[in-house]
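Engineer: We have chain A; now place chain B onto it with these hints.
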Amino acid sequence: GAVVSQHPSWVICKSGTSVKIECRSLDFQATTMFWYRQFPKQSLMLMATSNEGSKATYEQGVEKDKFLINHASLTLSTLTVTSAHPEDSSFYICSARDSRGGALYEQYFGPGTRLTVT
Amino acid sequence: LAKTTQPISMDSYEGQEVNITCSHNNIATNDYITWYQQFPSQGPRFIIQGYKTKVTNEVASLFIPADRKSSTLSLPRVSLSDTAVYYCLVGEGGGADGLTFGKGTHLIIQP
Numbered sequence: 001g002a003v004v005s006q007h008p009s010w011v012i013c014k015s016g017t018s019v020k021i022e023c024r025s026l027d028f029q030a031t032t033m034f035w036y037r038q039f040p041k042q043s044l045m046l047m048a049t050s051n052e053g054s055k056a057t058y059e060q061g062v063e064k065d066k067f068l069i070n071h072a073s074l075t076l077s078t079l080t081v082t083s084a085h086p087e088d089s090s091f092y093i094c095s096a097r098d099s100r101g102g103a104l105y106e107q108y109f110g111p112g113t114r115l116t117v118t
Numbered sequence: 001l002a003k004t005t006q007p008i009s010m011d012s013y014e015g016q017e018v019n020i021t022c023s024h025n026n027i028a029t030n031d032y033i034t035w036y037q038q039f040p041s042q043g044p045r046f047i048i049q050g051y052k053t054k055v056t057n058e059v060a061s062l063f064i065p066a067d068r069k070s071s072t073l074s075l076p077r078v079s080l081s082d083t084a085v086y087y088c089l090v091g092e093g094g095g096a097d098g099l100t101f102g103k104g105t106h107l108i109i110q111p
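Protein sequence lines correspond, in order, to chains A and B.
Residues in the first sequence are numbered from 1 upward in steps of one, following the working numbering.
Residues in the second sequence are numbered from 1 upward in steps of one, following the working numbering.
Calculated directly from the structure, the hints in this document are not laboratory data.
Ideal Cβ placement from N, Cα and C applies to all residues, glycine included.
Be aware that one or more of the hints could be misleading.
What the hints assert, rightly or not - Here are some of the chain A residues that sit facing chain B, going by a computed Cβ distance under 8 Å:
id: 1; residue: 34
id: 2; residue: 43
id: 3; residue: 46
id: 4; residue: 49
id: 5; residue: 91
id: 6; residue: 93
id: 7; residue: 111
id: 8; residue: 112
id: 9; residue: 114
With the rest of the complex left out, here is chain A:
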C-alpha cells in the first residue's frame, strides 16, 4: 500500500524557536497533502490543505504566519512551526492524497510527529 513518512518522529525545542516537519509520499505522487494536529485524548483536527505549487489553505483559527506550509514537489510537504510556544506542543500528522484520485480512503496518513516545546 501507499506509504507516507514524516520526519522527525519527535522533536523537542525551546520556546521561541522554529521547527520544520517533513511529510513525504514514498511511492506515489500527491498534489494535495493535509496537515492535522492532535492534542492528548482528543481527535485529529485539520489545520491546512497543502497544494503542490500553490499556497496552502488554512482552516479557520489556524494562523498561517505561524504554521508555514510549503509543498514544493509532488512528494514533499513541509510544516514549519515558527516561534513555537508550549501551547504548540502537540502531535502533528500529515496525510497525502493519491493524485490518481478515487475514493475517500485514498488519503494515506503519516506516522505523526510529536512536538514538545519547553
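Structural biologist: The following block gives chain B in isolation, referenced to the frame of chain A:
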C-alpha cells in the same frame, strides 16, 4: 460534511466479535462511509469503506442499512492488539478535502 455519532468507549474480550455503530442521519447521496483505526502516537490507518449494503475485507466488515443513516463496523474475533480508537467518517468520494474526525470510539479489549 455529515456529522457522525459514535459511542465514546466500548469494552470487549479477546475472541469476541465487536460491533461499533455510527449514526450519520444527514448523510448525502454522494457520501461514502469510511472507518479508520488509530493507535496511541500513530497516524490513523484505513480499515474499510463502503457506500451501501455490506463490505468485507480481511480485517473487518461494514454493514450499511438501506437508508444509510447508520453503519456498523464489525471486528471478528478481536485480540488485545485491536485496542485502539476507531473513527467513523462520512464524506464525498475523491478525498479532495481534508477529513473531519469526530471523537471516535475507544475500544478496549481485555484478556
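Engineer: Hint by hint, note whether the structure agrees.
Structural biologist: Here is how each hint holds up against the structure:
Look at residue 34 (chain A): its Cβ gets to within about 4 Å of chain B, closer than 8 Å, so that hint holds up. Below 8 Å, beta-carbon pairs count as interface contacts, and residue 43 (chain A) has one with chain B at about 4 Å; its hint therefore holds. Checking residue 46 (chain A) against chain B by beta carbon gives a least distance of about 4 Å; that is within 8 Å, so the hint holds. This hint holds: residue 49 (chain A) has a C-beta 6 Å from the nearest C-beta of chain B, less than the 8 Å allowed.
With its C-beta approaching chain B no nearer than about 7 Å, residue 91 (chain A) sits inside the 8 Å limit, and its interface hint holds. With a least beta-carbon distance of about 5 Å to chain B, the hint placing residue 93 (chain A) at the interface is held under the 8 Å criterion. Here the hint on residue 111 (chain A) is kept, as its CB sits about 5 Å from the closest CB of chain B, short of 8 Å. Restraint check, residue 112 (chain A) versus chain B: the minimum CB separation of about 5 Å is within 8 Å; hint holds.
Hint on residue 114 (chain A) holds. Least Cβ distance to chain B is approximately 7 Å, under the 8 Å limit.
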